[in-house]
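Student: Protein chains in written order, with numbering that gives the first Met the number 0: chain Z, 0 to 693; chain P, 0 to 250; chain G, 0 to 311.
Please keep in mind that the hints were generated in silico from the structure rather than gathered at the bench.
Hints should not be assumed to be uniformly reliable.
Stated by the list, open to error - Below, simulated BS3-like cross-link-like pairs (lysine-lysine); rule was C-alpha separation at most 27 Å, straight line:
| no. | chain 1 | residue 1 | chain 2 | residue 2 |
| --- | --- | --- | --- | --- |
| 1 | Z | Lys419 | G | Lys284 |
| 2 | P | Lys216 | G | Lys285 |
| 3 | Z | Lys659 | G | Lys221 |
| 4 | G | Lys179 | P | Lys47 |
| 5 | P | Lys234 | Z | Lys639 |
| 6 | P | Lys180 | P | Lys47 |
| 7 | G | Lys14 | G | Lys185 |
| 8 | P | Lys234 | G | Lys254 |
Please read all numbers here as calculations on a predicted model, not as lab measurements.
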Amino acid sequence: MLTTIEKIIFIILALTSAGFTFHGFKVIIDSIRRGRPAPELKNVPLSLVKAAITVLFQRTIFKARKGLSAIHMGLFFGLITYAFVNLFDALEGLVPGFDLIYGGKHIPNAPTGLVNAFNLIADVMSIFLLIAITVFFARRFIAKDKALNYRENVLLNPKVKAGGQARDSLIVDVFVVMHVIAHVLSQAYRLTDGADPFMPFASFLNSIFGASQTGVHVAWWVSIGWVMFIIPYLSRSKHTHFFMSPINLGLAKQNPRGQLDPAIPLTMIEGQKFDPGAKHIHDLSWKRVLDSYACVQCNRCQDVCPANFYGRPLSPSALEVNKRYLLKDATFGSHPDRLLLPLTETVISPEAVWSCTTCYACVRVCPVGNEPMADIVDIRRRMLIDGYEIDSGVQNALQSLATNGNWMSKGKRLRGRWAKEMQFPVKNATEEPVEHLWFVGDTASFDERVIPNTKLVAQLFHQGGLDFGILYQSESNAGNDVRRVGEEGLFEQLVEQNMEAFGKAQFKQIVTTDPHSFNTLKNEYPQFGGTFEVKHYTVTLLKLIEEGKLTVKNKLANYKVTFHDPCYLGRYNGGFTAPRKLLELLGVEFVEMPRNCENSFCCGAGGGQIWMGKVAPGERPAENRIKEALSTFGEGAGDKTQLFIVTCPKDMIMYSDAVKTTGNEGRIEVRDIIQLVAEAVGVDEVVAAESISA
Amino acid sequence: MNIVVAIKHIPSIADDLPVKGNNVDFDSVDFVLNEWDEHSIEQAVLIKEAVGGTVTVIGVDLIGELDNALHLALAKGADKVAKITADDPAADSHTQAKWLAEAVKGMGADMVFAGVQASNDIDGQIGAMIAAYLDMPYIGGTSAIEVSGSAATVSKEFPGGVGMKYSITLPFVAGVQSAPKPPRYAPVSKVRQMAQTATVEKIAPTGEASSGLAFKKMAPPVATGHAEMIEGSSKEVAAKIVELLKSKGLA
Amino acid sequence: MSNDVFVITEHMDGKFSDVSFELVGKAKELAKAWGGQAVAVVVGSGIASNVFASDSTIHIDDAALSHFNPEAYGKVVEALVKERSPRLVMFGWTVTGMDMAAWLSARLGVACAAYVKNIGADLTMSCAAYGGKLTAEVAPEGGMAIAACLAGSFPVEAGQGSTAAVTMASPVDLNSLKMKFVEATKPAGGDVDITSQTKLVSIGRGIGGKENMELAEELAQKLGAVVSASRPVVDAGWLPRTRQVGKSGLKVKPKLYLMLGISGAPEHLEGMQSAELIIAVNTDKKAPIFNVAHYGATADLFEVAEAMVELL
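Use the sequences and the hints to build the structure in full.
Tutor: Have a look at this one:
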């Protein structure tokens, strides 16, 4: 179809475009490779295949925003189709007499059926693409969907602030519209013999514009010319997403969710010494440098971020976009020196770093397998090493953890004091063998508000004939939040102390009351040689009831309850069923909050937030959660008492406070599930009285 | 600037303190760094950072567990650490001060800092006594110390936020109430690194002093009176307090 | 050695602090039992020193002593004590007394007890050691002793009087001091004076976070009170230094002292124990404050404060 001159121009253009594209991706790959070693990935080809299937079915995006996700799916299939469309367009240009119209009748021995099928798909997809892109365009530029914006207080690269992303979006929107229309027109102008039934859209345009050789040439050049421009452009915009997100998904974290990457890579490179954590962008692992290229700033992470909800200057998405712009300025731009600027000046503000609750919601929801939370922990790690002045509350907690093994400035010997107030002896697991080693945790051991519940757990274990013991003063904080606050050295010290205590004890499995301890004991202690069977007390209680060792005597039909999944039990470790099963057995009326299980909303206490001395203004996540519970209950529970059920000592504190601060006392009560089990099973009166007065 | 910080390892008051005979049962308590010593170390490091010099932290090792506190000091910026090996958990402030003063004598200190007090200063604080034994002036309750040349400007805190500034010719001894900035946090990895690499100088105790006090009894305080306890839930407590205040015309 | 009891008094801005009167009162009692004299020692310039009920008052007056200077004051007291060798020298365990008591003990080789809250006729001293968790009873092995006493341990009234002072020149040369007074800095003005308040809501470490400060303020407002605090709260920067009650803070004597989350370290107690009505709310039922407060409750201060705000 093309004239010789046109062909020469095309080839020169194609080569130039390929050159820029190659350069673009080389720069990106080099930049990714400068990152630190990431934890070793196993069976990468299989992971990539799995990722390809995931991408093909667009599985990960449907975790949130279902409607928009469907549109995204249309766009995705449209663009995949257009990859082939463009290939054939190029052939039509270069190979004389080659075209696909009318079932490819000009091509000798063409598989007519196949060509017609392709033509139909391409034609229909063109319409889908135009619809999808119009929706996305309208969403951003007409409806101005707030979900695409960042809070004023979020640190943003100046270019992002100046609208860099909107510009990228606009360019791609315009490209898609022009490209699709030009392509369909180039086909329409070819239809010299009238409508092709397998190209309804093109035929429709043909009925308006007719056939024209000049038209074919012009439309072809517009369509393909755009591609020549857009492909290299993509490597320099947020639409690296097109290529990088499937790769990123294929290379995503394989370790358990609850296992943080080490502060210093385990894979050492000869002659290279790593400081713990991350100060500069290439202190991050290569995988997390790659994250920034996979991110398209859909902001789903921001939607689910409790810190962002709370008005804190944290947006996981902003972190990723800032990372990419920093890299872009350094690699494509003329600011390589910026790579040596601290991340806390370029990608995330210190205040944002210290706002993260490490709830994992951002990582869980991310369709492309990004881990912004892990970056934050790495940044915290280095800030601590570099002597950054941390919040005084956090500092007090850490200092107490280092000296007392708990964050509450309590003496070690006071840890088991509650146990001595029980009516029966609570075994010391370091002195006599037990079947279940109960790892009590700091809050449950020391906090006067929670101790009554701790005693109830002991009482019910006792009644259920469970052979259990505690470590008394040999227990130290498990270190889950210490690690997430970035104090890796202290975490290791606590692990060593606990491992020493475990070494002194004889037990078959560990049971915990605290989901945070549960997480690190289960997922992180194995890295330190501590491979134990670890259970959450909801599982242990359920078993005691199912085996008939505890009997539900009173069904609790007078309660209407909802259940809050603690991050470290639920999202991190999938402990969704045991508490729900327990509630079912207790006979309460159970309603599920909209945000439940994987999508549970953090109470705001994790990742060291509960230690913070300074508390920001605004509606706190826990307060929002209480409101969510109340709206779930709706009006009129009748004469039933409305309960908010928790299975984490920290939740007990966070939500009890939130009920008060939102002025909802009398409407909803926070109870640990143990209180309900105790009520249903029946316990010793003394213990019961104490738990109620608390 | 050569600054020596004398620290005190004391029984932790975070726990219950068991008594044995007429003193604390030292075998059943944990020893921790005196809380004001964190401020004196911080003050010393701040001066070093401002004008240069060396910070030496020294303490009496009462139960053989002082190393951790010394490593912590190193991680916070001290340059040298030393311990006087005493192995006598009951050593009183006078004894410790004397040993410390003897050890500090040869160090050519421009300033000696100590925590303004410690919870077990039954016979007084070591800072003031070190000053007496070294024949240096002593000033306690400091909130800021700045050095220029051969003199220091020292702010001392008085009740109600009143401060007084003194100019003191070096050398002198200060009992630090607080450093101008809150004591920094030393990451455990740094402390552990110090534990592996640093050397703690061991000094044998020399000199003798005594508080001159005989311990006749040690016991939890006898409640001369005990508050009338208001029982009930928090709401009931609040109601009763309000009622009480109203009955006394205070609300 | 005589049977006299020396009280090293302290003053600021021309006013003696309460602890000086307390000690003079106690000194009189002891001196009487021992057949000696209770001697008030005033070191300073430009102050009316005839205010004590002491058996005699010695006023060392020198321009160099017009402001507290640990070195100068210490040397003066040392010379005086050396010369008169009283049986007991009493200091306040205060920002000034703390600079001299232990120093003097080491200088003279005389026994010294700190945190003293009572002294028996046999010179046995009770000390509030270990943050008030233990009381140590100690006796000097020699006949002579120095006692650094916690403020608030003895009644003020017994020490008030009008004994005329014998004014003396400094027994030591004050011209070659290494320590020189430069200036006094007052707290930034504008804040309320907690010492003149009739009602205080005082908060301690137990308040936990800054957000609860607002609650304390709200409660205080409803009560017509002002918020004061213990040292850690002020150190954390949640309240200005001018609101601090206790040794390094201010001594208060309000009609109502409502304590939320203060466990009652001796340093704090000395600043507030003469309040007329002390009510303490603390989660630790063993907190020493319950031995001092008139009413107490083991409850969550947050919950109690919330509920009180609603009721008031």
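Student: Going through the earlier hints one by one, which of them does the structure break, listed in rising order?
Tutor: none
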